[in-house]
Amino acid sequence: MAGETTITVIGNLTNDPELRFTPVSRGFGKADGTPVVNFTIASTPRIFDPASNEWKDGETLFLRVSAWREMAENVAASLTKGSRVIVSGRLKSRSYETKEGEKRTVIELECDEVAPSLRYAVAKVSRSRRGDNHTEGRSGFGNQSAAGQANQQDDLGAANPAAAAGSWGNESDNQSPF
69 MAGETTITVI GNLTNDPELR FTPVSRGFGK ADGTPVVNFT IASTPRIFDP
119 ASNEWKDGET LFLRVSAWRE MAENVAASLT KGSRVIVSGR LKSRSYETKE
169 GEKRTVIELE CDEVAPSLRY AVAKVSRSRR GDNHTEGRSG FGNQSAAGQA
219 NQQDDLGAAN PAAAAGSWGN ESDNQSPF
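Sequential numbering from 69 applies to the sequence shown in this note's numbering.
Among the hints, erroneous ones may be present.
The calculated label-pair distances, taken between Cβ atoms and stated as ranges, are [unchecked claim]:
no., residue 1, residue 2, range
1, ARG195, VAL174, 31 to 41 Å
2, ASN83, GLY126, 36 to 46 Å
3, VAL174, PHE116, 46 to 56 Å
4, SER196, LYS124, 35 to 45 Å
5, THR148, GLU181, 16 to 26 Å
As a list, the in silico SDA-like pairs of lysine to any residue whose alpha-carbon atoms are at most 25 Å apart [unchecked claim]:
no., residue 1, residue 2
6, LYS149, ARG137
7, LYS124, GLU170
8, LYS124, THR82
9, LYS160, THR102
10, LYS160, LYS124
11, LYS124, ARG137
12, LYS149, GLU122
Note that these hints are calculated values from the structure, not bench results.
All residues carry an ideal CB built from backbone N, CA and C; glycine is no exception.
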């Protein structure tokens with residue numbers, strides 16, 4: 069919405085994203101509602117200490133993030149624990165009641181945009197198409213698995229130089245840069 073304040077947070081995922089679907093009122097027992105993904109990022113500022121002439125870690129901020137619809141499915145198919153991400157969105161407060169009847173309020177970041185940080189990693193981005201099964205034949209940040217590597221061209225027709233260079237997202241490389 070216009071006039072809302074957005075914030076940007078850079079950090080690492082503390083766990084794999086949790087994809088779920090909202091309940092459907094039709095009562096068919098299937099989870100075919102709206103996709104939503106939740107994940108937590110940890111952001112630790114680095115502070116220079118002139119007395120010791122070295123960088124030190126500041127206090128870590130743990131922030132819960134939610135993304136909806138197609139973005140939720142893309143996040144779940146692309147990101148994993150330890151992934152460094154850049155998230156932009158709006159802070160929202162959400163109130164709920166525990167099983168014991170206690171009322172609680174939490175602050176979450178409702179995600180408008182999420183992207184892998186390329187500061188310490190390489191990523192091949194591919195466009196998702198509505199109706200695709202986003203998890204089939206894909207691995208880290210949209211890289212194709214061995215089954216999908218016959219065509220090493222992206223949606224714009226350019227060759228995939230990252231695959232030849234052995235980028236960390238390819239399945240042949242078992243080492244994560246994190």
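Against the structure, the hints:
The hint said 31 to 41 Å for the Cβ distance between ARG195 and VAL174, and at roughly 34 Å that hint holds. Under the hint 36 to 46 Å, the C-beta atoms of ASN83 and GLY126, about 22 Å apart, miss the expected range. Judged by the Cβ atoms, the range 46 to 56 Å given for VAL174 and PHE116 is violated: they are separated by roughly 33 Å. As the Cβ distance of SER196 to LYS124 is approximately 40 Å, the hint placing it in 35 to 45 Å holds.
For the pair THR148 and GLU181, the supplied restraint of 16 to 26 Å holds, since their beta-carbon distance comes to about 19 Å. At roughly 21 Å between alpha-carbon atoms, LYS149 and ARG137 fall within 25 Å of each other, so this suggested pair holds. Restraint check for LYS124 and GLU170: the C-alpha separation of about 38 Å exceeds 25 Å, so the hint is violated. For the proposed pair LYS124 and THR82, the alpha carbon gap of about 21 Å is at most 25 Å, so the pair holds.
For the given pair, LYS160 sits about 19 Å from THR102 by alpha-carbon distance, which is consistent with the 25 Å threshold. Between LYS160 and LYS124 the CA atoms are separated by roughly 31 Å; this puts the pair beyond 25 Å, and the hint is violated. A threshold of 25 Å between alpha carbons decides the hint, and for LYS124 with ARG137 the separation of about 39 Å lies outside it, so the pair is violated. Taking the CA atoms of LYS149 and GLU122, the gap is near 28 Å; set against the 25 Å cutoff, the hint is violated.
Going down the numbered hints, you'll see the structure goes against 2, 3, 7, 10, 11 and 12, while the others check out.
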